[in-house]
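**Q** Take a look at the letters that make up each chain.
2 protein chains.
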Amino acid sequence: MNHRFARRMNKIPRSFVREILKVTDDEDMISFAGGLPNPQSFPVEAIKDATSRVLTEDGEKVLQYSTTEGYRPLRELIAQRYKKQGLQVEVDDILITNGSQQCLDLVGKVFLDCDDGVVMERPTYLAAIQAFGLYEPQFHSVPLLDDGVDTEALEKILKEEEIKLFYSVTSFQNPTGITYSRDKRREVAEILTKHNTILVEDNPYGEIRFMGEDIPPIKSMIPDSILFGTFSKIVSPGMRMGWIVAPPEVMEKLVTAKQASDLHSNYFTQRVVYQYLQDNNVDNHIQNIRKLYKSQRDQMVQSIREYLPEGVKHTAPEGGMFLWVTLPEGMSSMDLFKLAIKEKVAFVPGETFYTENPETDTMRLNFSNCCEEEIIEGMKRLGTAIQKMEDL
Amino acid sequence: MNHRFARRMNKIPRSFVREILKVTDDEDMISFAGGLPNPQSFPVEAIKDATSRVLTEDGEKVLQYSTTEGYRPLRELIAQRYKKQGLQVEVDDILITNGSQQCLDLVGKVFLDCDDGVVMERPTYLAAIQAFGLYEPQFHSVPLLDDGVDTEALEKILKEEEIKLFYSVTSFQNPTGITYSRDKRREVAEILTKHNTILVEDNPYGEIRFMGEDIPPIKSMIPDSILFGTFSKIVSPGMRMGWIVAPPEVMEKLVTAKQASDLHSNYFTQRVVYQYLQDNNVDNHIQNIRKLYKSQRDQMVQSIREYLPEGVKHTAPEGGMFLWVTLPEGMSSMDLFKLAIKEKVAFVPGETFYTENPETDTMRLNFSNCCEEEIIEGMKRLGTAIQKMEDL
Chain A
1 MNHRFARRMN KIPRSFVREI LKVTDDEDMI SFAGGLPNPQ SFPVEAIKDA
51 TSRVLTEDGE KVLQYSTTEG YRPLRELIAQ RYKKQGLQVE VDDILITNGS
101 QQCLDLVGKV FLDCDDGVVM ERPTYLAAIQ AFGLYEPQFH SVPLLDDGVD
151 TEALEKILKE EEIKLFYSVT SFQNPTGITY SRDKRREVAE ILTKHNTILV
201 EDNPYGEIRF MGEDIPPIKS MIPDSILFGT FSKIVSPGMR MGWIVAPPEV
251 MEKLVTAKQA SDLHSNYFTQ RVVYQYLQDN NVDNHIQNIR KLYKSQRDQM
301 VQSIREYLPE GVKHTAPEGG MFLWVTLPEG MSSMDLFKLA IKEKVAFVPG
351 ETFYTENPET DTMRLNFSNC CEEEIIEGMK RLGTAIQKME DL
Chain B
1 MNHRFARRMN KIPRSFVREI LKVTDDEDMI SFAGGLPNPQ SFPVEAIKDA
51 TSRVLTEDGE KVLQYSTTEG YRPLRELIAQ RYKKQGLQVE VDDILITNGS
101 QQCLDLVGKV FLDCDDGVVM ERPTYLAAIQ AFGLYEPQFH SVPLLDDGVD
151 TEALEKILKE EEIKLFYSVT SFQNPTGITY SRDKRREVAE ILTKHNTILV
201 EDNPYGEIRF MGEDIPPIKS MIPDSILFGT FSKIVSPGMR MGWIVAPPEV
251 MEKLVTAKQA SDLHSNYFTQ RVVYQYLQDN NVDNHIQNIR KLYKSQRDQM
301 VQSIREYLPE GVKHTAPEGG MFLWVTLPEG MSSMDLFKLA IKEKVAFVPG
351 ETFYTENPET DTMRLNFSNC CEEEIIEGMK RLGTAIQKME DL
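Protein chains in written order, with the working numbering: chain A, 1 to 392; chain B, 1 to 392.
Certain hints may be false.
Intra- or inter-copy, both count: the list cannot distinguish identical chains.
Said to hold, decoys possible - No farther apart than 27 Å at their CA atoms in a straight line, the calculated lysine-lysine pairs in the DSS-like style are these: (1) LYS84 - LYS22; (2) LYS48 - LYS61; (3) LYS253 - LYS11; (4) LYS184 - LYS83; (5) LYS344 - LYS253; (6) LYS48 - LYS388; (7) LYS294 - LYS159.
Think of the hints as simulated: they come from the structure by calculation, not from any bench.
Using the sequences and the accompanying hints, generate a full structural model.
**A** The following block contains the structure:
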């Protein structure tokens, strides 16, 4: 049969990260390419206890269909955690999703008609390009500076174009590790409010701050904006438990879209995660993850300085799982990738993270899923590969 | 903020079933309105054992990110079960989804451009109207007869219109309980093949046959058609574990769409369901569900004959969870619903199950989630409500 697929399927870039993962199956490869949390950080025993408890105490119910919005006590607990951080979020403002990736799909569904204007950061989270891409918007992009988006460029584009959404990862961004400063957040809030553009703020790494001072999400300054959260980085990514925070008018549409998309998120796992959070001190657990990732991040920064040549620039993130490297002028990270693979070290070439006019001399490095010895060895190998590129 | 939502959000009907569930919260209400499996049928202890085992043996891995396609051994097991039924399905033909509702969303994403022609049964599964509706197709509908779709009407519409998909629940359909006969399946296969229309065959209840002889899905006669399956009716619906079977060319697009939609399905639960299926005889378990539902179905058929007036017609399904009632000529099931609620019995008025020109004298009754005493009492109450309608 000769299938006629929907037009939108031509608009979605194939995930280069996915392609890379095939290469990195090799046992000898040291991979900074993935985006995986360190499995050491998973609370396996506590999850086992929580699972046993919900099945013993409420077995038939936890295996039954449930509500689209999600398990109410879990939503209450999330709302309370926000309140502790100074954000006014109520239980009804929260919808449980299949990881924060589904937040992107639902926001695309609810807001985006073909050719609607969307502003992304430059570079931006690849999977957001893919998720929104299916709704065929017109992408624009605004550069990221060291302290967040270039607000002059943002304001210019909002003046010139009809822009519906601005998508931003405001803390420890994927792929760059960049965090918006307090001033930058205020500026962005003012600009978006003035131009009536919806903020879609993605905050998967917010709790993994291991240096510096916590800064509240921009949502605290734009109450009717949209915020994503997830348990992927603090409990388990395999459980696919995320959430959207949205004002009532938007929430009603999101719930309708979620219901049509998959009825509701895995109820069994919602109950397990809730039980885990009730029976354990998750803040202590998060503290341990921070310690672990800080030592890995420190090792990576140190090894870059030690083993990569002088022309290399890099971000020095205060949290999260990634840092961003800019190669010596004119060096293509895609060409380097091929040499690096031969040296048995992998990364993600930066050009996959752009919606338009990609920078070709950048790369993303993940530090959360390698031990310190691997980071040192991997950086030596990357240094060798860069040396070989320069000698070509 | 004055939100501008996407046009597609106006095309999705609000779920009346959802609205009904609010009314049926009342403890004294006997509800035939829901679509829930009987929680008695959930293998709670065996799931507890399986969960404990996967967390003990492979804890860090089962909590980590995983592949979009799903856990390969689980997909192999599903393929093997199809082979036992005489269907040539390979492991690579299977994508694990969040329940079969997500199959609908992914098929809509991959195939449907705005105004593409889709043929639905008349009546059809409400949530399929909602899921496809978000992709703004042009819906057409073809009546269901006692032995499946009206093939003359189907062929007529495929001749007259450009139709991309035909959506069909071929065994124990929701809402009617109707099953396509062997001959009807063959006819439908011929017509669809001739007109190059893709079959989307949904088979959530196929294993819950408690009378008559098993008939293979139409997919067995159209190898490159699309088939949905689910563990919701044989293991647990709350775990949201379904799957799509599709040929390679379509599978590639489905995987891309799934990745953009939520990266992958809950890996922890995939591992638990697989372990459950490995360590237990699920066929014995299914046999018990069949026995349970058969006695409930028999009681409902008997009670309809005993307590509802003569003009009432009904289907007598050989499996599944629903039967379909046609009221005496001219009686509105929506008006009856209001009276029935006062008598403390609920059902779903049939008109919610049509894409166009709804029949107003029909209703769906669920028999899987009430015990026999409740079925008897509920039917008495429904009889009283109909009597009152007739006396008005």
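**Q** Which earlier hints can't be squared with this structure?
**A** 1, 5, 6, 7
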